[in-house]
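**Q** Input sequences plus hints: build the corresponding full structure.
The primary structure of each chain is shown beneath.
Protein chains: 2
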Amino acid sequence: MTLFLLPSILLVISAVHAFQFEELAHYVDSHQEEYVEALRDWVAVESDSSDVLKRPELHRMMEMTAQKLRSMGGNVQLVDIGVQELPDGQTLALPKVVTGQFGSDPNKNTVCVYGHVDVQPAKIEDGWATEPYNLTDINGNLYGRGASDNKAPVLAWMHAVEAYQALNMELPVNVKFVVEGMEETGSNGLDAMILAQRDTFFSDVDFIIISDCGWLSRRPALTYGTRGNCYFFAEVEGPKQDLHSGVYGGTVIEPMTDLIGILDTLISPSGKILVPGIREAVAPLSDEEWRMYQDIEFDINDYKSKIGVNQLMYTNKVDLLAHRWRYPTVTIHGIEGAFSAPGSKTVIPAKVIAKFSIRQVPDMEPAVVKKQVTDYLHSVFAKRKSPNTLKVTMIIGAKPWLADTKHALYEAGRTAIKKVFDMEADLIREGGTIPIARTFQDVTGKSIIMLPIGGFDDGLHSQNEKMSRYNYIEGTKLFITYLNEVAQIKKSV
Amino acid sequence: MTLFLLPSILLVISAVHAFQFEELAHYVDSHQEEYVEALRDWVAVESDSSDVLKRPELHRMMEMTAQKLRSMGGNVQLVDIGVQELPDGQTLALPKVVTGQFGSDPNKNTVCVYGHVDVQPAKIEDGWATEPYNLTDINGNLYGRGASDNKAPVLAWMHAVEAYQALNMELPVNVKFVVEGMEETGSNGLDAMILAQRDTFFSDVDFIIISDCGWLSRRPALTYGTRGNCYFFAEVEGPKQDLHSGVYGGTVIEPMTDLIGILDTLISPSGKILVPGIREAVAPLSDEEWRMYQDIEFDINDYKSKIGVNQLMYTNKVDLLAHRWRYPTVTIHGIEGAFSAPGSKTVIPAKVIAKFSIRQVPDMEPAVVKKQVTDYLHSVFAKRKSPNTLKVTMIIGAKPWLADTKHALYEAGRTAIKKVFDMEADLIREGGTIPIARTFQDVTGKSIIMLPIGGFDDGLHSQNEKMSRYNYIEGTKLFITYLNEVAQIKKSV
Chain H
2 MTLFLLPSIL LVISAVHAFQ FEELAHYVDS HQEEYVEALR DWVAVESDSS
52 DVLKRPELHR MMEMTAQKLR SMGGNVQLVD IGVQELPDGQ TLALPKVVTG
102 QFGSDPNKNT VCVYGHVDVQ PAKIEDGWAT EPYNLTDING NLYGRGASDN
152 KAPVLAWMHA VEAYQALNME LPVNVKFVVE GMEETGSNGL DAMILAQRDT
202 FFSDVDFIII SDCGWLSRRP ALTYGTRGNC YFFAEVEGPK QDLHSGVYGG
252 TVIEPMTDLI GILDTLISPS GKILVPGIRE AVAPLSDEEW RMYQDIEFDI
302 NDYKSKIGVN QLMYTNKVDL LAHRWRYPTV TIHGIEGAFS APGSKTVIPA
352 KVIAKFSIRQ VPDMEPAVVK KQVTDYLHSV FAKRKSPNTL KVTMIIGAKP
402 WLADTKHALY EAGRTAIKKV FDMEADLIRE GGTIPIARTF QDVTGKSIIM
452 LPIGGFDDGL HSQNEKMSRY NYIEGTKLFI TYLNEVAQIK KSV
Chain V
2 MTLFLLPSIL LVISAVHAFQ FEELAHYVDS HQEEYVEALR DWVAVESDSS
52 DVLKRPELHR MMEMTAQKLR SMGGNVQLVD IGVQELPDGQ TLALPKVVTG
102 QFGSDPNKNT VCVYGHVDVQ PAKIEDGWAT EPYNLTDING NLYGRGASDN
152 KAPVLAWMHA VEAYQALNME LPVNVKFVVE GMEETGSNGL DAMILAQRDT
202 FFSDVDFIII SDCGWLSRRP ALTYGTRGNC YFFAEVEGPK QDLHSGVYGG
252 TVIEPMTDLI GILDTLISPS GKILVPGIRE AVAPLSDEEW RMYQDIEFDI
302 NDYKSKIGVN QLMYTNKVDL LAHRWRYPTV TIHGIEGAFS APGSKTVIPA
352 KVIAKFSIRQ VPDMEPAVVK KQVTDYLHSV FAKRKSPNTL KVTMIIGAKP
402 WLADTKHALY EAGRTAIKKV FDMEADLIRE GGTIPIARTF QDVTGKSIIM
452 LPIGGFDDGL HSQNEKMSRY NYIEGTKLFI TYLNEVAQIK KSV
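First to last, the sequence lines map onto chains H and V. The first sequence begins at 2 in this note's numbering and counts up by one. The second sequence begins at 2 in this note's numbering and counts up by one.
Zero decoy hints are in this set.
Identical copies carry no separate label here, and so any pair may be met within one copy or between two of them.
Cross-link-like lysine-lysine pairs, in silico, DSBU-like; alpha carbons within 30 angstroms at most:
#  : residue 1 : residue 2
1  : 55        : 124
2  : 419       : 307
3  : 420       : 407
4  : 386       : 318
5  : 318       : 241
6  : 392       : 307
7  : 241       : 55
8  : 241       : 273
9  : 371       : 392
10 : 392       : 372
11 : 386       : 273
12 : 307       : 386
13 : 305       : 386
I should point out that these hints are in silico values taken from the structure, not numbers from a laboratory. The structure displayed is predicted, hence computed values, not measured ones.
**A** Here it is as structure tokens:
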């Protein structure tokens with residue numbers, strides 16, 4: 002009996018454990034319509050974290066996220082992270098952070114998947130071909146705000162876990178989720194939450210996985226660095242209210258003239274940052290980096306035609322990649338308070354607020370950048386001898402992040418990409434900011450990998466953002482495989 | 002019988018003719034609630050001529066204007082003035098021009114009152130204390146978009162005619178009306194209409210009266226000049242769509258940087274226009290002007306506190322008035338296409354359109370200004386060696402206007418103001434633009450007067466525009482009196 006019984010038990014255990022890629026991949030393929038529908042439901046929520054009027058939608062989005070994890074049998078918490086102070090002094094409840102846990106086997110590695118379900122603003126008038134909050138499938142591309150950044154990747158991770166569950170295969174690692182709703186405006190409140198739960202929720206986490214980024218080309222990629230972001234408001238205030246430009250023009254120093262004047266001192270025509278001290282703080286490009294950049298698959302003409310420009314700032318691959326990833330840049334996003342509608346209006350705006358940001362790289366420090374920019378703008382403004390007032394505020398100060406590409410997490414990534422896509426992974430950096438990577442690193446001390454599934458042409462933060470069905474579905478398979486690869490990493494004690 | 006009959010007839014005729022100010026003034030006072038209600042109905046129409054989406058409201062406003070004149074028994078026409086070409090090449094019907102006529106006695110002078118019933122844009126989010134399209138009476142001030150500019154003055158003229166009618170007093174002059182709906186965006190189509198009707202509708206007009214302006218202080222005023230306006234769009238276009246500033250920043254020359262760069266070359270910090278040739282074209286200030294300006298009632302501290310600034314561009318009355326009225330000025334109104342909402346957005350706008358205007362004075366010419374500005378901006382832009390494209394368009398080119406203050410029309414104005422307000426009139430100019438004054442002068446050759454009833458603090462084009470009940474009602478009495486004064490001017494043959 003015993004002899005017969007033991008193999009039978011072993012067989013059952015073996016069946017639960019075994020990673021059977023073909024079976025999981027088939028499951029994913031045959032459930033892709035459900036996955037698209039789930040994405041449609043999520044995209045339909047206008048979870049724009051920058052618009053305080055959309056806050057109820059954002060709260061609803063967090064609840065939907067929690068509900069999804071609960072329905073999968075996870076141990077789910079909605080963590081209160083407090084309130085946000087608005088410029089006018091009022092406070093507003095921050096969206097709760099959703100945490101979830103699947104499995105707690107101390108013999109397995111534990112990964113923590115981070116994602117966000119808030120989105121950038123989007124209006125059809127901005128030039129969208131489809132309703133931004135109505136997921137629209139055109140030739141295999143799923144168009145909608147937040148589709149790629151970051152709702153589909155978050156769902157793909159959940160579907161990866163679900164696939165194991167549905168096929169009664171044991172998860173090869175314990176999987177935790179941390180999903181936030183303030184990423185697009187600087188992850189307000191998340192740092193404190195991570196710090197507070199460092200010795201509880203995060204104590205048994207071995208690795209952190211972030212899929213809030215995209216490939217560089219059609220070749221799948223692993224991301225090992227991101228730029229930070231210092232986002233500034235420069236407000237010039239003059240008259241107590243807007244004035245008629247005919248009636249008053251010529252007698253008042255106009256705030257808009259002052260603002261344009263100081264903004265024009267930020268950047269040279271060729272794109273150089275003119276704020277003293279910024280460029281000096283940048284770590285020099287090493288020979289090794291130079292060689293890595295040379296090996297990366299990157300077609301400049303593709304890049305140009307995707308963006309729709311005839312000429313870029315630099316003409317060679319290494320310079321271009323370096324200035325996307327590891328050099329700072331200034332962008333002036335726009336001006337609040339001035340006339341911005343179509344048509345004409347003969348107004349002297351009384352208070353104008355420029356929004357600009359500086360992408361930040363090692364070895365820049367947000368606190369230093371804040372002082373450099375504030376001092377510089379005030380000194381430039383003082384030279385104008387304007388009766389108006391200038392106020393400079395840094396509303397986001399997110400640090401850059403850089404990982405060790407030799408870590409086993411990256412080896413696991415290369416192997417998983419090879420298995421699913423039969424291609425070598427590109428090792429890339431990200432010009433954008435995922436501030437939380439740096440926080441995870443600083444607070445938890447855990448190793449982090451960025452494992453993107455977004456396409457190179459997904460239009461993040463832009464009109465017509467999309468996620469391709471291919472990347473969404475194959476990406477789900479990549480996540481499934483990656484969990485199995487990470488299980489092979491020797492557990493640190 | 003004959004003896005008895007004649008005096009009786011004469012008495013009747015006399016009763017019809019006689020100008021009885023007290024009776025008319027009493028009639029106006031006792032009907033002021035009706036006048037306010039009429040203004041409320043008109044303000045409720047969002048007749049914003051700059052917003053193509055509001056065009057149906059504008060058409061409705063013209064129809065209401067015509068209906069009002071019809072109800073008074075006028076001979077009314079709605080004149081089709083064709084279509085407007087939009088930047089995208091589409092066409093849109095222009096609001097019809099309303100003409101009306103009361104009386105056609107060849108022995109009387111004929112005045113033509115010009116006004117407009119379109120308005121500037123207004124949204125409560127711009128900082129209005131009340132709903133802009135809901136007329137709100139606060140302490141005798143009637144707040145609402147278009148209340149002062151120009152709906153109340155147009156209604157006041159109609160009520161002036163109505164008062165004569167209601168009291169069965171014959172109108173001392175023939176009164177014609179020309180009311181348009183495109184004034185705020187440059188009176189598109191009106192020039193051609195005036196030219197076309199020069200020998201018909203305008204052939205028997207002796208004088209043109211415009212009340213589309215305001216007083217300078219609490220002292221009633223007559224206006225003898227206006228500045229023109231050259232309104233420009235400067236569009237810089239780069240990438241084919243908005244880009245994520247993290248992902249792409251550092252590799253593309255951003256249109257916003259270029260636009261800020263060229264805008265900053267328009268004006269010096271102290272407000273000097275830097276476009277070559279503009280300042281050189283300005284007629285020098287004469288000694289006589291200087292003396293006139295010195296005599297005008299104008300309190301600099303009042304002006305400063307009304308605007309809410311500590312320091313103006315100039316510290317003495319003459320310089321200030323001269324720079325309001327007879328020197329050009331540049332205002333940058335805003336930028337379309339950039340991020341303009343509250344909050345933050347990390348976007349590189351792909352196409353940005355700056356809106357700025359140059360208030361124009363004798364002896365500047367719009368066609369010359371257009372070339373000066375376009376050439377200058379293109380030369381400045383060329384120095385940047387940007388791959389982006391610049392397009393400069395002058396969408397409004399309205400000429401300045403200057404009248405002879407020694408004309409009998411102004412004498413009549415002084416007398417009427419003395420009768421109604423028991424004050425001497427200020428002779429002032431207007432920094433704003435009433436383009437049609439110049440067209441009337443050039444096309445019809447008729448003399449023109451501007452007879453304002455708007456208050457000095459009405460907030461035209463600004464938040465919280467208002468018309469005081471006092472100015473509205475006393476202004477109606479002024480118009481009534483002015484018609485009688487104009488009747489005394491010897492009719493030209």
